[in-house]
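Student: Here the protein sequences come in this chain order: A and B. Take the first sequence: its letters are residues 1 to 109, numbered as in the working numbering. Take the second sequence: its letters are residues 1001 to 1113, numbered as in the working numbering.
A couple of the hints might just be wrong.
[Stated by the list, open to error] Taking lysine-lysine pairs in the DSSO-like style, the calculated list, with each CA pair at most 27 Å apart, reads:
no.	chain 1	residue 1	chain 2	residue 2
1	A	K79	B	K1052
2	B	K1040	B	K1101
3	A	K42	B	K1036
4	B	K1040	B	K1052
5	B	K1018	A	K2
6	A	K2	B	K1019
7	A	K79	B	K1041
8	A	K2	A	K42
9	B	K1101	B	K1018
10	B	K1052	B	K1022
11	B	K1040	A	K2
12	B	K1041	A	K45
13	B	K1040	A	K45
14	B	K1019	A	K42
15	A	K79	B	K1022
16	A	K42	A	K79
17	A	K42	B	K1040
18	A	K2	B	K1022
19	B	K1022	A	K42
Because the hints were derived from the structure by calculation, they are not lab data.
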Amino acid sequence: RKEVEQDPGPFNVPEGATVAFNCTYSNSASQSFFWYRQDCRKEPKLLMSVYSSGNEDGRFTAQLNRASQYISLLIRDSKLSDSATYLCVVILTGNQFYFGTGTSLTVIP
Amino acid sequence: ETGVTQTPRHLVMGMTNKKSLKCEQHLGHNAMYWYKQSAKKPLELMFVYNFKEQTENNSVPSRFSPECPNSSHLFLHLHTLQPEDSALYLCASSQVSGDEKLFFGSGTQLSVL
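Let the sequences and hints guide you as you build the complete structure.
Tutor: Encoded structure:
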C-alpha cells in the first residue's frame, strides 16, 4: 500500500471555478503535511503547510483530517496561472518525506 | 540567489561518459537529498544525507554514486548510465528536527544517449 495516495486527475476547470484536491495517507503516526506545486519540467515548490485547524493563504485553503487520514487543498477563483501539478507531501518522522503522485490541474480560459 | 542551487541545468551524455551533478544549499540545513523524476512519474527518493552521513540508499544502482563532503554540498557522480536513466534529477535540503520543509534545487534534466 502506498504511503500517500492522490487522484492524478487531470482536472480541467474554467477560470473562476473552485476546485478541490484530496490526498490520503496510510501511517497514522505521520507528523507534518504539506502541499507543493510543480510546474512542467520545474522543481516542486512549497505551496503551504497543512494544519489540523485548517489554514488559508489567499485563494488557497488547506485542511487536515487526522481521524480519516486525509488532507485537502481548495483553490477558489481559479486563475490560468494555477495550472500545475499539486503534490501532497507527508512527513513520517525527521526527514522521511513521502510524496503523492501529484494531481494535474489545467485552468481553461 | 536561490536557497538550493544545482548545476548543470541540462546534461546530455553517452552511456560510456562520466559526469557529476552538483548541488549547494545556502539555507543552513542539515539534510540533503537526491530525487529522480521520470516523465509522468512521481518523485523517487535516491539518497539521503544527514549531517554528511548517508542514511538512506533507496536501492539505487551503483552507476549512481553520491558524495557529500559537507552539509552544504552534495554531488551525484554518474558512470555508464543507461537510456532509461534519462530523467529530471532534483537535489533538495531540509532541517531535520526543526522547520522540516523540503526545498528543491531547479533540477538537472539528464538525457542519456
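Student: Assess, step by step, whether the Cα of K79 of chain A is no farther than 27 Å from the Cα of K1052 of chain B, and give holds or violated.
Tutor: Violated, because 42 Å separates the two Cα atoms, which is more than 27 Å.
Student: Check whether the Cα positions of K1052 of chain B and K1022 of chain B lie no farther apart than 27 Å.
Tutor: At roughly 15 Å apart (the allowed maximum being 27 Å), K1022 of chain B and K1052 of chain B satisfy the hint.
Student: Going straight from one Cα to the other, do K2 of chain A and K42 of chain A come out at no more than 27 Å?
Tutor: 24 Å, holds
Student: Between the alpha carbons of K1040 of chain B and K1101 of chain B, is the straight-line distance 27 Å or under?
Tutor: 24 Å, holds
Student: Run the distance test for K1040 of chain B versus K45 of chain A: straight-line Cα separation, threshold 27 Å.
Tutor: Given pair K1040 of chain B, K45 of chain A holds - Cα atoms ~17 Å apart, limit 27 Å.
Student: So if I understand the rule, the pair passes when the alpha-carbon distance is 27 Å or less; does K2 of chain A with K1022 of chain B pass?
Tutor: 31 Å, violated
Student: Within a Cα-Cα threshold of 27 Å, do K42 of chain A and K79 of chain A meet the stated pairing?
Tutor: Measuring from Cα to Cα gives roughly 19 Å; hence the hint holds.
Student: Holds or violated: K1101 of chain B and K1018 of chain B, Cα atoms, limit 27 Å.
Tutor: Violated, at about 32 Å.
Student: Measure nothing beyond the straight line between the CA atoms of K2 of chain A and K1019 of chain B; if it is 27 Å or shorter, mark the hint as holding.
Tutor: With a Cα-Cα distance of about 33 Å, the restraint between K2 of chain A and K1019 of chain B is violated, given a limit of 27 Å.
Student: Decide if the proposed pair is consistent with the structure: K1019 of chain B and K42 of chain A, CA atoms, cutoff 27 Å inclusive.
Tutor: 22 Å, holds
Student: Can you confirm whether the C-alpha distance between K42 of chain A and K1040 of chain B stays at or below 27 Å?
Tutor: Answer holds: K42 of chain A to K1040 of chain B is near 13 Å, not above 27 Å.
Student: Hint check: K1022 of chain B vs K42 of chain A, CA-CA at most 27 Å. Holds or violated?
Tutor: Judged against 27 Å, a Cα distance of about 17 Å means the pair holds.
This entry does not satisfy hints 1, 4, 5, 6, 9, 15 and 18, going by the numbered hints stated previously.
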